[in-house]
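**Q** If you're matching them up, the sequences are chains A and B in order. 1 is the number of the first residue of the first sequence in our numbering; add one for each residue after it. 1 is the number of the first residue of the second sequence in our numbering; add one for each residue after it.
Simulated from the structure, these hints should not be mistaken for lab results. Please read all numbers here as calculations on a predicted model, not as lab measurements. A virtual CB, placed ideally from N, CA and C, is assigned to each residue, including glycine. Take these hints with a grain of salt, some might be off.
Heads up, incomplete: computed chain A residues facing chain B, CB under 8 Å, no partners named [unchecked claim]:
1. Ile-48
2. Ala-54
3. Pro-177
4. Arg-179
Simulated coverage check for chain A against chain B, where a stretch passes if three residues somewhere in it have a Cβ under 8 Å from a Cβ of chain B [claimed, not checked]:
5. 61-70
6. 139-145
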Amino acid sequence: MTTTREDFREILRLVRPGSRVLDVGCGEGALLDLLTHDKQVDGRGLEISAKGVAACMARGLSVVQGDADQDLDHFPDRTFDYAILSQTLQATRQPRHVLNELLRIADRAIVSFPNFGHWRVRWSLLSRGRMPETKALPMPWWSTPNIHLCTLVDFLALTDDLNVRVDACAAFAGTGPGRSINPSSPLENWRAESCLFMLSRATPASATTARELPPASGDLFDG
Amino acid sequence: MADLDMASSALNDGGTWRFPASEPLRLDSGGVIEGLEVAYQTYGQLNADRSNAVLICHALTMDQYVASAHPTTGKPGWWPRLVGPGKPLDPARHFIICSNVIGGCMGSTGPASINPATGKPWALSFPVITIADMVRAQAMLVRALGVETLFAVVGGSMGGMQVQQWAVDYPERLASAVIIASASRHSAQNIAFHEVGRQAIMADPDWRGGAYADHGTRPEKGLAVARMAAHITYLSEPALQRKFGRELQRDGLSWGFDADFQVESYLRHQGASFVDRFDANSYLYITRAMDYFDIAAGHGGVLANAFTRARHMRFCVLSFTSDWLYPTPESRHIVRALTASGCRVAFVEIESDKGHDAFLLDEPVMDAALSGFLGSVERDRGPA
């Protein structure tokens, strides 16, 4: 990967320097490498492909071969400050379980995924009557690893269901930089090609305020 | 090999260290061995701040000659992928220690050694030892060599068992651990194969109840059969098939029990050459130590509890797809326990059709992973 992915840029902005980070589905370690060098994090990774893990190990990264569905369970509670799941949630077998686990083992989860509610996806399905193939979702239905696609609104409903607080949300479209958004705004579900959430466990006391979005705290997100 | 020896001869040292009389080795069995000797080799030099020492733990039938010629066979060191100029462990930069396990037969005290109390070989009066006993002896040797902290302890197979034991018993003396093609305990199948080997040795009339040295015999046939059976477990079915298939030694069948097939001839050769360099009683004792190995057993049956003092350490665990002796789920079990106890661990299952022996063979992915891991441990500790 020669250019930094746009969601990597946002993640780099969100993560506190020197924190403990787990990158789930870390590939060949591009993001972990960036976080280690730019933010001096104590970074660890989980990656399903042997090729990816071997590349990570050759870079000196602490990465375990495993998958999000099965291997998060073995981490103790609150091992990390951040658990990152970049463009991987839609490929997990049990997204709901994975999300819960991320917020058990880390104080904050940073999750990005392609938005199936984007207008191009809707238009592609409506006009052609076929499974959409867009820039964010480039593969045909029979070879895509994405088995649990969702829209921004679907995801928001899940966070609500799990009583999870949205600390920040950014939308991406085209090759432009991320845009801080209010995820409850109906228009965003049409506009965001993919989106990124920073989540934390809502404490009972703050549960009410958490639903009154956005708390998109300016120190975490300038927008 | 000659080049390596020439280049490293100045950096190649070794000897036999004798436990001081005041410090006998206390065994898990409750016994004590006095005047225990540990034979070892070192490569490279300890640096000024004593931060570049690495211990390599050898597997069942290996020895301390990890990177120099074996005195009996003349073969070069057994782990050339890992140790040597320009390799992940380089005598130019690292002080590399490798010692023969106790119970062994390459200079460390074992059943073939003379029992000072009787003036005769120990044979079966030698106490049963454990992996932890081997490690306890290594820990004393390492200290005697002036090394308080090892930057890494590395081992494959039984070596990987010793590495885990080090992390459990002496974590404060380690910065990192590399566990390759190993397991945290012997499975029923592992024990079963070892039992076949032991029975083959003990069934040989020349074994003489273990006292073959007194009778001037050697149970060579039994030991060779043990080696042949074990050797099959070190390879994979595809590797055997690729190497030998059903190829014959000569044209046509013998219609008898000669080694018609190449694979038979190969195994016979493996067995015959093994007896030249290995002691049958040592084989019994060391396989027993491996069978008794079960780290979790000493920690309430929970493996993760064993590693709670190792949280400052970094771990690297490697397995191979075709290794059916210590298959990947065994390594994954270790990785999950390390994760659960809060240790920092890297793990990959390497694609290989070479079976258990892959860790000793040409596996570029393993080389890259080990270089990366050891390099980053060095960087974390700062310039040596």
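**Q** The structure should be examined with respect to each hint, and the outcome stated for every one.
**A** Status of each hint after checking the structure:
| no. | hint | in the structure |
| --- | --- | --- |
| 1 | Ile-48 | violated, 11 Å |
| 2 | Ala-54 | holds, 5 Å |
| 3 | Pro-177 | violated, 32 Å |
| 4 | Arg-179 | violated, 36 Å |
| 5 | 61-70 | holds (count 6) |
| 6 | 139-145 | violated (count 0) |
Violated hints, listed in ascending order, are 1, 3, 4 and 6; each of the other numbered hints is respected by the structure.
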